[in-house]
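Work from the hints to combine the two standalone chains into their complex.
The listed protein sequences derive, respectively, from chains A and B. Going by this note's numbering, the first residue of the first sequence is number 4, and it counts up by one from there. Going by this note's numbering, the first residue of the second sequence is number 80, and it counts up by one from there.
These are calculated hints, taken from the structure and not from any lab test. Only a predicted model underlies this, so the values are computations on that prediction, with no experimental measurement involved. Hints are supplied without guarantee of correctness; some may be wrong.
25 Å max Cα-Cα, derived BS3-like pairs, lysine-lysine [unchecked claim]:
(1) B:K358 x B:K284
(2) A:K150 x B:K358
(3) B:K284 x A:K150
(4) A:K187 x A:K150
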Amino acid sequence: MDRSNSRACLNDGGCRMAAITLDELRKEFDETVAVDGVTLSVADGEFLVLVGPSGCGKSTLLRTVAGLETQTDGDLRIDDRLVNDVEPKNRGVAMVFQDYALYPHMSARRNMTFGLGSHGSFSDEEVDRMVEDVAETLGIGDLLSRKPGELSGGEKQRVAMGRALLREPAVFLLDEPLSNLDAKLRDEMRAELTHLHEDIDATTLYVTHDQTEAMTLGDRVAVMNDGDIEQVDTPQQLYDYPASRFVAEFIGSPQMNLFRGTVVRTNDGVRVRNGRFGTVVPDPVPGGDRETFTVGLRPEDLYLADEAGGQSHSDPFEVEVTLSETLGDSLVLHATDGDTTLRVRTNARREVDAGDTIPVVADPARLHLFDPETGEAVYHSGTAGTDAPRPDPVEH
Amino acid sequence: MSVPPERLGTRLRGVLPSLPSRDGLVVHGSLWLTLVVILAPVVLAAIFSTQSTTQVYQITNILPGTQLVENYTTVLFEYNFLQFMTNSLVMTTVVIVGKLSVSLLAATALVYYRFPYQNLVFYVILFTLLMPLPVRIVPLYQLMAEIGWLNTFAGLTSPFIASATAVFLFRQRFRSVPAAVVETARLDGVGPLRFLVYVLIPMSKGMIAGVSAVMFIATWNAYLWPLVVIVERANQVAQVGLRYIQGVGSEGLIEWNLVMAAGVLVLVPPLLVLLVARKYLLSTLASG
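Next comes chain B alone, as it looks inside the complex (with noise of 0.2 Å):
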């Protein structure tokens, strides 16, 4: 009888108490290195954002300074860093609205008819994935350009619209309804609207939760586009914004201790919708 290794492991905790295993050690050691390894910038970045500048260039000292409230406020409002992230906030809801009713529409229309080449439109969606933004800057820079949307909201927002990740997941979610629920709902005629609104959404509530929050790390995280799009200053997102304050610098030294404080302050969002999503999350990763 073959018994899974993290069962057997419980199951030897049973038998076994005070017996610290090497396999546990190695485990937890590994874990803890893991998580130094992913903790130790952010919280140099934390103590960093309450240093003086001369603090900062201080390689040896990592104890927390007294400019927190001060380097926090220079930020938010000297540097505009408050309006940066009210931008970066106004361009991910857009784009997750945007995101969730393009991908879920396509999700449904794939699910719920079937109409000639429907796996071939399917693929072709997929096909989008082959081509992240990067690859595809300069033609839609040109033509962004052409149509006039250079350095405007929509310029900034539209092609983070669709998204061939979230069609597949949604896709996938959908079709796992089974198809005689698809057809009850043909056969008493309850359009795709509508039954997109009343069934497949309350089904796929949790999923929905997740891939937005997977979608709102990314679009806040978004650099490339916006800085490439957005030339007004006034109009910039978060992440572009934090270089700003990098480049402005004071006696010729770059004012870490301000590029931190505001690499904290654009950590928070994303945190903050982990943490409401996580659940969803967990079970979103799960399933896809």
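With the rest of the complex left out, here is chain A (with noise of 0.2 Å):
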């Protein structure tokens, strides 16, 4: 199929694209403040997911980028022109709701073509031959004369989509679009927006809660929390230097560990320890005279002793383990030293029973600590084990 004549461009003016710009952008509705003071670059043609837990003014930060919300405070430029009080329907965006908010009582083509209008005046042809191209690229070619009653979650969720395209919206705003799927479509899907975003390179701005979603198809992902950004980063950055606590628990699955460290001198250097548990950590200690830290170790970063091999690792400690949970993959051990709680993620075919002692290890090379007060990141151990630079965030 020849891709190269994308959606975003199907007109012949050029592609149009934008990049979007909150300054301070903030949203409160009576009392409750849903966005708190936001500042974000999303570059052209980028692909920005915005991630956090239910109540995290993600969607309303979405909303208020559409201009269906309108901010209480701070500014909103979409390719350097000030949108605060610009119509929605003028500022270039098109929208996928996760509830595909299709006409029930149109079809799948008018339902994409129903208020084409104000996007610019198209011939009746223009129209037919833009609507066999958006269905061509979606696949829904066959359904375009059903009704959505008619049509799968999946499918409409693809008119619905087919719709936006049609638009050739500068911004594509995608508000949890597959969460009404199942598993399996979700998948499917999730490659597929890939795909199409490499297709029509419109800059993409997709809120979801599911961090599977975000690590995938986010060019950057931007964690939120509370009404504000704790971090924008590439996946991997994100998975491997969370800025907070909040971060590293939000992004992997199993969660990353979280315990309560000491910080302890001894004749061969400094240590952080948690009972049975105990790391050496540069000397000095980062960020200041601080005596106790959050630890933060991801479940996979924790070895039984007798797989560390050769590799450098703390001193090992015992564990009883509580719970053996089978991934089919790998096997997740809850364990626990008497006060902490850990998950240690191992091999699948380990025979571990809850009950059991083991000895186990961690990576120094993958700790990380943080305030126990604030919970900012303070110290992310390098990949060599030393105290590495975090490397700049990767600018788009």
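So, in structure tokens, the structure goes:
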């Protein structure tokens, strides 16, 4: 299939693209602050995912960009044009909603073309050609005469996406578009969305609460919490160098282990300890003369001692397994050393049962330390186990 | 496990086909009784409308008489009932069109736009339900007199045009349209009127038909306001016209056979509307 004739560039006027810039954007509903002064830049053609728990303000942020909500304060620019008070229809955005938002009494074709008028004037033939084009891209050519009631969830979402594509938007806004689909379909659609984005190259803001979607789809991912953005980064950076305890917990499954650690000075260096756990940290201790940290270790960075091989590792410590979960490709052990519960991800074929006591080591190269009060990251051990500086976030 | 009573009935019928239940008898008995109570006056009116005046006054005579054609032609033409019926029909049609237009627009505004004190506006509209026509009739009459609308068609129909009930029903229906659908329209720049015509109305056809049927019957049956506001007999509506026939009489006797004939005639249009709209009416009442 010839994908060079991509949608956003369909009309000979050249590709319409736009960067989105939010400057201290704020949205309040009565007493509630939904978006608390967010500053964010999305580059031309970038796919940026907004992810966060429900109620964190990500949808409100998206809706404010669309113009469905009016910001309480701050500036919003699309393609360097201040659009604070611009009508939704004049912002050059198209939006796809979680529940498809199709008109139930109209055919798929009519659903796509209804309301097209405000996006330019097209002759009937042009519209027909555009619809055929979009329908082919999305594989819904045979469904155009059906009404939403005769379409499956995935088909409905494709029609909704077709409707958005047909508008050749400069900015593509997607509000949890895959959340109503079953797991298998979601996987398929996710891959399709990636291809689609490669084709159309429109600036895309994508809201989801699903970290898998966030990690797989986004050029960059913005993690939102409580109305503000905690961190914007490429997916791998986000995973390897979470800027805060919240991001560390939110990204990654099973969740990162977080526990309190106390600085202990011995003859052979400085260590962070908790119960039987202890690992070397650089001297001087990062973050000033702090005595306690929240220690973060991902489950896959904890090993059964006999699996660590020749790698450098923390002091081995004994933990008692309380629960063993088989995931097929790996085994997740819930273990405790008395005070702290840890999740350890290990080889799927290990025979470990609840009640077993096993020695565990941590990979010191994957250690994260957070300020126990603010939750901010103060230290990520580099890949070599040294205090390697955190790489700069990739600029787009 | 609990089974709803109506489902239980169906289940038991399968198991015990030949045993009439005692509950069944009670239910059917009361249904028949209700039916008789409701139908008897209508049937009697239909019978009386075929009798002569003398026969009507023989209290025990409930057999159909021979004056069917004669009574109905007398009522329709001599007593001008055809004119009254036409007036009623015109009034009802205009009122329904007016009511639908106003309440559909009002409901659209309440759903499509977001403006300050939106709910307050809606509650003020609902509040008018607390003031039915009889309460407002004196000030309303005064108003009509002042603007010179007494004895006019405008005076007759305008007070009926605003309908809190219809606004309420349509608003509820429109609100059940997913917010994302409304927002999609706003993103596309589909204005409220286009949205009403191409989206809301097609999505609410059944509801609109049902509400119209209820409105038709209510307006057709209006009595008090036409009686007050219309002075000219030729402009009067059928419900008041019935009253005129009762007032005519001959030899000191009210011609009940003619009144009954007119009464039967006046029943026909609502009955037709009900027949046509019964499907929608049921779903409207169920959803309202």
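Quick rundown of the hints versus the structure:
1. B:K358 x B:K284: At roughly 12 Å apart (the allowed maximum being 25 Å), K284 of chain B and K358 of chain B satisfy the hint.
2. A:K150 x B:K358: holds (23 Å)
3. B:K284 x A:K150: holds (17 Å)
4. A:K187 x A:K150: Between K187 of chain A and K150 of chain A the Cα gap is close to 24 Å, so the pair holds against 25 Å.
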